[in-house]
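Participant: So our numbering is basically just the index in the sequence shown, starting at one, shifted up by 8.
Any given hint could turn out to be false.
In the DSBU-like style, the derived pairs of lysine-lysine whose C-alpha atoms are separated by at most 35 Å in a straight line are [stated by the list, open to error]:
no., residue 1, residue 2
1, Lys155, Lys280
2, Lys97, Lys355
3, Lys245, Lys147
4, Lys203, Lys245
5, Lys173, Lys369
What the hints contain is simulated information worked out from the structure, not anything from laboratory work.
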Amino acid sequence: MINGHRRHRRTGLTALALLPLAALAACGGGGGGDTSAEEGSGKGTISVWAHQGQAGETAALQNAVKSFNSSQSDVKAELKLIPENDYTKTVTATDPSELPDVLEFDGPTMANFVYNGKLAPLDDHVAARTLGNATDAVKAQGEVDGKHYGLGMFDSGLGLYANKKLLDAAGVTYPKGLADAWTAEEFGAALQALKAKDSDGKVLDISEQYGLATEWGTYGFSPIVWSAGGTLLADGKAEGALDSPEVVSAMKTFQSWKTYVDPNTDGNAFAKDRVALSWVGHWMYPAYSEALGDDLVVLPLPDFGNGPKTGQGSWAWGIGADSENGKAAGAFLDYLLNDINVGAMTKANGAVPATRTALAKSELYRKGGPLQLFADQLARPCGDSDINDSCVAATRPVTAGYPTITAKFHTALNAIYGGADPEEALRKAARAIDRDFTDNAGYEIP
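Given the sequences, and given the hints that come with them, work out the whole structure.
Facilitator: Set out below in structure tokens:
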């Protein structure tokens with residue numbers, strides 16, 4: 009439970025929970041059609057499916073369901089928990105008619121589930137205040153063609169954790185926030201300076217122990233693509249976006265940093281002062297804060313020319329397309345996404361609250377809090393298409409073809425990290441993505 013891989017997964021973050029995504033690619037036939045849930049009476053029993061993550065998350069969800077049921081007498085929610093490793097595969101394999109009224113799903117799987125007729129738009133079933141209270145970044149993750157299919161209790165973010173003591177000893181000046189983020193060149197210079205003061209020259213952790221040829225590779229390092237001015241997909245095509253000269257150059261720079269990386273096989277490289285910098289997400293704050301205390305500082309990822317960027321997105325909630333009681337399902341989601349429940353869940357898993365009001369109350373993420381940077385990043389969302397230098401938090405492509413995109417990208421990333429030619433690896437990935445999109449008519453959602 010304490011090693012890095014498990015700690016990462018137990019956050020409920022999309023980054024490693026997406027290992028079953030490859031199975032989704034085989035389901036690209038497209039069900040589509042009318043996926044609007046029936047309004048129903050707003051009374052009776054509704055079924056709810058959720059992933060069984062870490063114990064604290066599970067307890068928070070069970071308490072929320074119990075509290076909802078006791079708060080009124082019109083609707084009874086019956087919760088079914090499915091082990092996290094089996095969850096996405098289970099939803100994928102279940103016919104829409106057999107899915108529950110309310111279900112949880114990992115963010116980037118949403119478009120594929122919409123494509124296959126498994127999710128209904130939320131807009132007509134949840135209260136306007138619930139939708140309005142969702143952060144812009146979470147709404148971007150949950151939107152397809154102007155309709156919202158998912159809302160989350162929490163979001164995610166990436167950054168650089170730094171050991172102030174080691175930076176100061178090496179004479180390294182570090183950013184104070186997004187406005188003065190290191191450029192890629194400045195970051196490289198910082199690594200050089202830190203190496204000069206380090207016994208083995210390994211001064212950076214990039215959570216290599218998670219595996220780069222996994223969803224961590226996409227979540228953790230697609231910000232390099234965006235920050236270089238590229239995207240994983242642009243107007244339904246990867247060629248010219250993923251393999252642009254700017255992205256190739258940025259990946260060559262990333263490749264050159266390997267010499268500074270501690271492989272972090274024990275998950276403790278940063279906490280035990282072996283490295284000065286850790287490229288990872290919000291979920292490591294509890295362990296890092298406990299280990300470093302006042303020496304811990306939180307920095308944005310380096311800027312490759314298009315501004316610093318972060319990934320975002322996590323588990324979200326939606327309504328089954330075949331539900332006959334959308335009104336009751338919406339009432340449950342309204343309750344689930346209130347401040348009490350979102351606060352309890354994010355206290356349990358340490359993630360960024362995905363509602364405006366809960367975020368403002370969070371001791372970690374509110375203004376002046378130790379993790380304010382993550383909130384600042386999410387307050388400047390890019391969505392998944394217009395990723396420019398004025399935004400920071402980019403959403404992974406909202407498309408039913410995402411399983412192919414992530415598989416091809418993180419395979420290329422891993423090859424580049426291992427020494428492959430970045431231009432060749434990215435061009436190969438872009439062509440494979442485009443072939444798949446052509447074969448599936450662009451994954452247009454009916």
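Participant: Each hint: holds or not?
Facilitator: Now for the hints, and whether the structure bears them out:
For the proposed pair lysine 155 and lysine 280, the alpha carbon gap of about 46 Å is over 35 Å, so the pair is violated. With a CA separation close to 28 Å, the supplied pair lysine 97 and lysine 355 stays within the 35 Å bound. For the suggested pair lysine 245 and lysine 147, the alpha carbons sit about 24 Å apart, so the restraint of at most 35 Å is met. Distance check on the hinted pair: lysine 203 and lysine 245 sit about 40 Å apart at the alpha-carbon level, beyond 35 Å; violated.
Restraint check for lysine 173 and lysine 369: satisfied, since their Cα atoms lie roughly 31 Å apart, inside the 35 Å limit.
Taken one by one, the earlier hints fail for this structure at numbers 1, 4, listed in ascending order.
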